[in-house]
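Using the hints, position chain D with the ligands against chain U.
Just so you know, the sequences run in chain order U and D.
Going by my numbering, the residue at position 223 of the first sequence is 223; the numbering climbs one at a time, nothing skipped.
Take any residue in the second sequence, note its place counting from 1, add 1000, and you have its number in my numbering.
Just so you know, not all the hints are guaranteed correct.
[Unchecked claim] Restricting the straight-line Cα-Cα distance to at most 25 Å, the calculated cross-link-like pairs of lysine-lysine (DSS-like) are:
1) U:K72 <-> D:K1406
2) U:K85 <-> D:K1337
3) U:K72 <-> D:K1336
4) U:K115 <-> D:K1336
5) U:K16 <-> D:K1406
[Claimed, not checked] Here are a few chain D residues that sit away from chain U, every Cβ distance over 12 Å (derived from the structure):
6) I1028
7) Y1109
8) G1175
In case anyone wonders, no lab produced these hints; they're calculated from the structure.
Every residue, glycine too, gets a C-beta built ideally from N, C-alpha and C.
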Amino acid sequence: MLIELNNICKSYYQGKDAVPVLFDISLNVDEGEYLAIMGPSGSGKSTLMNIIGLLDLQTSGLYKFDGQDVGKCTDNQLSVIRNKKIGFVFQNFNLLPRQSIVENVALPLLYAGVKKKERTERAKEMLVRVGLEERMSFKPTQLSGGQKQRVAIARAMVTHPRMLLADEPTGALDTNSGEQVMKLFHELNNEGVTIVMITHEHEIANHASRIVTIRDGRLEQGGFTEKDSKQEDNVL
Amino acid sequence: MLENIRLSLQGILSHKVRSILTMLGIIIGIAAIIAIVSTIKGTNEQIKNNLIGSGNNAVAVQLYQNDYPYDFSYQDTPDGIQVVSDDIKKQISEFDEIESVSFYRTRTYCDNVYYKKNQFDGAMFGIDSNYFNTAGYQIQKGRGFTSNEYNNSAKVVILDSTAVKSLFSSEDPIGQTIDIGTEPFVVIGIAIESNPFEPVINSEEDYWTYMQSSSGKMFIPSKSWSIAYKYDEPESCLAKAVDTDSMPTVGKKVSDILNTTIQITDNSEDQVKYQSEDILGQAKSLQDLSSSTNTMLIWIASISLLVGGIGVMNIMLVSVTERTREIGLKKALGAKKRRILIQFLTEASVLTSIGGIIGVGIGIGLAQLISKIASVPVSISSISIVVSVIFSMIVGIVFGLIPSVKASNLNPIDALRYE
Ligand SMILES: Nc1ncnc2c1ncn2[C@@H]1O[C@H](COP(=O)(O)OP(=O)(O)OP(=O)(O)O)[C@@H](O)[C@H]1O
Ligand SMILES: [Mg+2]
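Next comes chain U alone, as it looks inside the complex (with noise of 0.2 Å):
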């Protein structure tokens, strides 16, 4: 099991007023799996996609990464499951606009102490990867969205993390590109990696494995894979 959420709970504070956001959240991912998070505007996906992606704790509740209590974990201790385990996509692609693309995709290599030459033959292996062999030299401000988020994914993957997490990978891409997207996806799940992403788009949510839907906070259908229904019994 990659992921275990247990009885998740999230409120954010506006200075003494809690304001709650997840509602007892408990959802297991399976290592390999491609997971769909669905729900409408503000319902809180991103808030749960933040927390599985380690870049905010919850309220109350356990949540379990690869088997580590992740609300244990130190600050930095944090910032290296980030790097070797989980690769980021995000909706607007957060490059750095002054760097090259290789830069870029090189970055997270950087902070997990692999050397210079390393890390920009990597980088560069990533980009034919994702089928930017000719735009290596380039800044992220001569590309297009598609390609952007291309050198997004290459980013994300470039230190071989189990887990790909994408928050609207594709929202502010047209449907040509997004599908290019889908395909990556496709082909990064199949050698075993698993995808978490958000959506709120059905034709891109079916290209994922399972669907789950958020609604006010509370997780409302599946939830679990057919081996855990026991659970499910317990938790709903």
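Quick look at chain D with the ligands alone, frame taken from chain U:
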């Protein structure tokens, strides 16, 4: 680290105007400090050189009363002063710090020397055979005293070029006879300083500080002193130290041994004692005087650095806010706190170091300008340059600390969400 510096430079270059404005305080502060320090150092070196002369390192040990040189031009020989014995002279010449030593008599002002109608009002020296060598004179014209003349009270005299000018107009002084007291002395040579040293005079004040006898000097054999002045007045000692720094030691040792020959007649302050002119001390007190006025300027420049530092902090805080998303992204990709902290600290210190380097450049230019306009000497030391650059780097680290800590403590998700 190099990567960090490269990225910092990239960042600084991409905001040229802003970076320059941020550095301005540092630039002005460092430029001012470099200019002031160079001027102080130049002035101090000049003072030292003026007082010491051109590295001759000769120390004069004379009789003093109440801290003033005892002047035989106006005063009678005091009681209790003995003739300096050959044994004492030998002991002095054997000191390790002494290269050569000479004993001489002198009057700083003579009113009894005439050539025809012209009166000489410079200084008279009665010298032994070591004097010219020790004091750094050489014969320019004519000849020096022979040992016969030294030993047998010959009535011969050597003039320096100033004395020549004050007594003779166009005629050749060699072979002429001048009257000292009532006795005729024959001019046999003209002596000049081997390393003629002109003190650098920038003001009237300097003139009075450095120009002692502008009316020239005359030299006669020491043994002939009593012919010109009736009595053999007490001798002074001129000792050439092996280097400038041992001058005070030489002065002290020679005075001490000469003072053992004095019979104390008076236990009050009025007692006449051998003492050396403390040239280094004198230089130091003059230097202190010039430094103290400039210390204030350095404080003012430091305030400029402080203001510059605050400016850097301000811009760095803005920069952290501007780059919140970038910081969030880097943390999401696995950057640890320390890396973010170092990134921003590097940026701040690269910024201020560049400011420092520019400041040093401007400071050197400024110092040169000051030396041209105010004809004050400047001396730019490499130490002050290195210290300035390191110091501006430290300013960057100190004032960059708060923004950097702020950046490194950002929560990745808050940072990523930031619009
Ligand atoms: N930092 C925050 N402080 C307070 N409330 C927040 C914060 N971040 C999110 N929220 C609230 O949490 C709720 C869920 O937000 P979230 O971003 O998870 O929604 P979402 O499902 O991703 O929506 P969308 O599809 O529009 O991206 C929203 O009501 C939002 O106002
Ligand atoms: Mg969202």
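Do the hints match the structure? See the list:
This hinted pair checks out: K72 (chain U) and K1406 (chain D) have alpha carbons roughly 24 Å apart, not beyond 25 Å. Pair hint K85 (chain U) plus K1337 (chain D) holds up; C-alpha atoms about 19 Å apart against a cutoff of 25 Å. Note on K72 (chain U) and K1336 (chain D): the hinted pairing holds, with a Cα-Cα distance of about 17 Å set against a maximum of 25 Å. The straight-line distance between the Cα atoms of K115 (chain U) and K1336 (chain D) is roughly 17 Å, inside the 25 Å bound, and the hint therefore holds.
Simply put, K16 (chain U) and K1406 (chain D) have alpha-carbon atoms about 23 Å apart, close enough for the 25 Å limit, and the pair holds. No beta-carbon of chain U is positioned within 12 Å of the beta-carbon of I1028 (chain D); the least distance is around 30 Å. Every C-beta of chain U lies more than 12 Å from that of Y1109 (chain D), the closest at about 80 Å, which supports listing it as non-interface. With a least beta-carbon separation of about 87 Å from chain U, G1175 (chain D) lies farther than 12 Å from that chain, consistent with its non-interface assignment.
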